[in-house]
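Asker: Sequence:
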Amino acid sequence: MLIANSKTKTHIDARNYNPKLEGSDVLFCPSCQEPVFYKQGKVKLSHFAHYSNTNCSSFSEGETYEHLACKDFLKEWSKSGQLEAYLPELHQRPDILYKNIAIEVQCSMLAIERYLERTRNYLAHGYLPWWLLGEKLSPKNKFGNLQKAASYYHPKSGFHLWLSKAKQKEIWLLYHIRWHYQVGFFYRLKKWKTHDLPLFKLFKVLPSKQPSLVWKPEQYRLFIYKKLGQKQVKTVRLQEKLYMMGASFQDLPDWCYQSSCYQFFFEDELLFLRFCYLKTRTFSQWLQKIKYLEHSWLYPFASQKAILQAIYIECQKLAGNG
859 MLIANSKTKT
869 HIDARNYNPK
879 LEGSDVLFCP
889 SCQEPVFYKQ
899 GKVKLSHFAH
909 YSNTNCSSFS
919 EGETYEHLAC
929 KDFLKEWSKS
939 GQLEAYLPEL
949 HQRPDILYKN
959 IAIEVQCSML
969 AIERYLERTR
979 NYLAHGYLPW
989 WLLGEKLSPK
999 NKFGNLQKAA
1009 SYYHPKSGFH
1019 LWLSKAKQKE
1029 IWLLYHIRWH
1039 YQVGFFYRLK
1049 KWKTHDLPLF
1059 KLFKVLPSKQ
1069 PSLVWKPEQY
1079 RLFIYKKLGQ
1089 KQVKTVRLQE
1099 KLYMMGASFQ
1109 DLPDWCYQSS
1119 CYQFFFEDEL
1129 LFLRFCYLKT
1139 RTFSQWLQKI
1149 KYLEHSWLYP
1159 FASQKAILQA
1169 IYIECQKLAG
1179 NG
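If you're matching positions, the sequence shown starts at 859 in our numbering and goes up one per residue.
Simulated from the structure, these hints should not be mistaken for lab results.
Heads up, some of the hints might be wrong.
Label pairs and their calculated CB-CB ranges [stated by the list, open to error]:
| no. | residue 1 | residue 2 | range |
| --- | --- | --- | --- |
| 1 | P1075 | T1052 | 43 to 53 angstroms |
| 2 | Q1167 | S1015 | 13 to 23 angstroms |
| 3 | T1052 | K1074 | 35 to 45 angstroms |
| 4 | Q1167 | Q891 | 40 to 50 angstroms |
The calculated lysine-lysine pairs, modelled on DSSO-like cross-linking and capped at a C-alpha distance of 27 angstroms, are [stated by the list, open to error]:
| no. | residue 1 | residue 2 |
| --- | --- | --- |
| 5 | K1084 | K937 |
| 6 | K1049 | K1067 |
| 7 | K1048 | K1014 |
| 8 | K1049 | K1059 |
| 9 | K1006 | K1049 |
| 10 | K1074 | K1027 |
| 11 | K1023 | K1051 |
| 12 | K1099 | K1089 |
| 13 | K1163 | K1000 |
| 14 | K1099 | K1163 |
| 15 | K1084 | K1006 |
| 16 | K1084 | K1074 |
| 17 | K1067 | K998 |
| 18 | K998 | K1051 |
| 19 | K1062 | K1014 |
| 20 | K998 | K1085 |
| 21 | K1092 | K994 |
| 22 | K1147 | K1175 |
| 23 | K1000 | K937 |
| 24 | K1000 | K1085 |
| 25 | K957 | K1059 |
| 26 | K1051 | K1006 |
The beta carbon of each residue, even a glycine, is placed where N, CA and C say it ideally should be.
Based on the provided sequences and hints, a complete structural model is requested.
Answerer: Quick look at the structure:
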């Protein structure tokens, strides 16, 4: 942590702290109120740490240099943002807080359940969480659950994900994120250096409308057949779900293999949702049928209800019924 409290509750910033000048007064964690000690920076930035056997819910020990460095340059960028501001009603501490925007930099793997708990807690209390992923979590052509969950969605501009780059002191935006049967996930990239734009104006940046995508439905169908032949686990399991309903990939009409921005969530599983459309007559029947897919909704920045409604309307249009 970079901020500790004195006995008088004064905030002490480790980046400016000089123990020789400040004396040997005991310092405390602003969250758990347990004593902490100062660690002079040699490899990492100077910071405060808990003593052993301390159980603090707001800070994990072994905080990486990358995380400390990201907080450092983002605080300088934000100017008036509060560093490590503790929110007692949430029992959470964002890395930087500005009004109702809570910046969280995630540099190491985080259980998806914990991520969702923290994010939903912010949203339930009126805060806007701004997640920025660090180097190890920066996706290439594969997006795991955490990368998908940390992505933001807008109906016109699609999906985007923020990254924090400690070495460059930059924020990167991956935008127009799409999934393609040939390459997996791909996107466009935009970078900002410190002070290119006020930090909290940057959060409100919205990418332009999504461009069209080169996509060949007949080729996608062949890719599915190929993955079946290779006995790829996800594809085989999806085929089994279709079998349980008396169908197979071969039975799906060509329109089921068309592209969709919603493949970001479902990838190949969107084929199952489209098949369920063929087997039902109403939206409510379709909602019941697709539960068999058992797809957990892990995306706090996209409304499940709105997305499923949009997918159903898309099915109607592609099938010629809309």
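Asker: Each hint: holds or not?
Answerer: Taking the hints in turn, this is what the structure says about them:
{"no.": "1", "hint": "P1075 to T1052: 43 to 53 angstroms", "in the structure": "holds, 45 angstroms"}
{"no.": "2", "hint": "Q1167 to S1015: 13 to 23 angstroms", "in the structure": "holds, 19 angstroms"}
{"no.": "3", "hint": "T1052 to K1074: 35 to 45 angstroms", "in the structure": "holds, 43 angstroms"}
{"no.": "4", "hint": "Q1167 to Q891: 40 to 50 angstroms", "in the structure": "holds, 47 angstroms"}
{"no.": "5", "hint": "K1084 to K937", "in the structure": "violated, 54 angstroms"}
{"no.": "6", "hint": "K1049 to K1067", "in the structure": "holds, 18 angstroms"}
{"no.": "7", "hint": "K1048 to K1014", "in the structure": "holds, 18 angstroms"}
{"no.": "8", "hint": "K1049 to K1059", "in the structure": "holds, 14 angstroms"}
{"no.": "9", "hint": "K1006 to K1049", "in the structure": "holds, 20 angstroms"}
{"no.": "10", "hint": "K1074 to K1027", "in the structure": "violated, 40 angstroms"}
{"no.": "11", "hint": "K1023 to K1051", "in the structure": "holds, 10 angstroms"}
{"no.": "12", "hint": "K1099 to K1089", "in the structure": "holds, 15 angstroms"}
{"no.": "13", "hint": "K1163 to K1000", "in the structure": "holds, 25 angstroms"}
{"no.": "14", "hint": "K1099 to K1163", "in the structure": "holds, 23 angstroms"}
{"no.": "15", "hint": "K1084 to K1006", "in the structure": "holds, 26 angstroms"}
{"no.": "16", "hint": "K1084 to K1074", "in the structure": "holds, 15 angstroms"}
{"no.": "17", "hint": "K1067 to K998", "in the structure": "holds, 22 angstroms"}
{"no.": "18", "hint": "K998 to K1051", "in the structure": "holds, 21 angstroms"}
{"no.": "19", "hint": "K1062 to K1014", "in the structure": "holds, 15 angstroms"}
{"no.": "20", "hint": "K998 to K1085", "in the structure": "holds, 21 angstroms"}
{"no.": "21", "hint": "K1092 to K994", "in the structure": "holds, 25 angstroms"}
{"no.": "22", "hint": "K1147 to K1175", "in the structure": "holds, 20 angstroms"}
{"no.": "23", "hint": "K1000 to K937", "in the structure": "violated, 35 angstroms"}
{"no.": "24", "hint": "K1000 to K1085", "in the structure": "holds, 17 angstroms"}
{"no.": "25", "hint": "K957 to K1059", "in the structure": "holds, 13 angstroms"}
{"no.": "26", "hint": "K1051 to K1006", "in the structure": "holds, 25 angstroms"}
This entry does not satisfy hints 5, 10, 23, going by the numbered hints stated previously.
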